[in-house]
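S.K.: Sequence:
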Amino acid sequence: MSTSIVQDTGLTRVQLARLARTQAIKSLRAEYLKCGDTVYAILRHISKSGTTRHIDLYVIDGGLPYRITKLAADAIGIRYDRKRATIRVVAVGLDAAEHVVSDLAWHLFGNCDALKRRWL
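Each position in the sequence shown, counted from 1, maps to that position plus 1 in the numbering used here.
Don't take each hint at face value.
[Claimed, not checked] Straight-line Cα separation of at most 30 Å, DSS-like style, residue types lysine-lysine; simulated pairs:
| hint | residue 1 | residue 2 |
| --- | --- | --- |
| 1 | 35 | 49 |
| 2 | 27 | 71 |
| 3 | 117 | 27 |
| 4 | 117 | 49 |
| 5 | 117 | 35 |
| 6 | 27 | 84 |
| 7 | 71 | 84 |
| 8 | 71 | 35 |
| 9 | 117 | 71 |
| 10 | 117 | 84 |
| 11 | 84 | 49 |
These are computed hints drawn from the structure, not numbers from a lab. From a predicted model like this one, the values you see are computed outputs, not experimental measurements.
All chains should be built: construct the whole structure from the sequences, respecting the hints.
M.R.: Below, the structure written as structure tokens:
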């Protein structure tokens with residue numbers, strides 16, 4: 002976030018992050034996801050060391066895919082990689098998409114199993 006945005010609104014960075022999180026959750030619930038929906042994940046990149054994965058998230062509505070990667074990153078407070086336009090997950094030995102989608106389900110619906118996950 003640029004310093005000018007923080008100065009113009011009079012909000013701190015923490016307050017802006019909370020506002021972005023709240024708005025992302027509302028938008029995801031209202032426009033994209035309902036309990037029981039499937040979130041599709043695409044693995045875009047794996048680091049040379051194998052510890053970092055970059056994933057992209059989509060939902061399909063009416064036969065059309067909708068990219069929800071940035072909204073999901075804001076909603077769960079995980080790092081969004083602007084260079085690759087993906088969610089950056091640093092971990093070894095876990096399914097990165099399962100981790101992100103279960104966190105998203107928890108933040109949206111209070112249940113880790115509220116959303117299904119499928120790789121593309």
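S.K.: Report the numbers of all earlier hints that the structure fails to satisfy, in ascending order.
M.R.: 1
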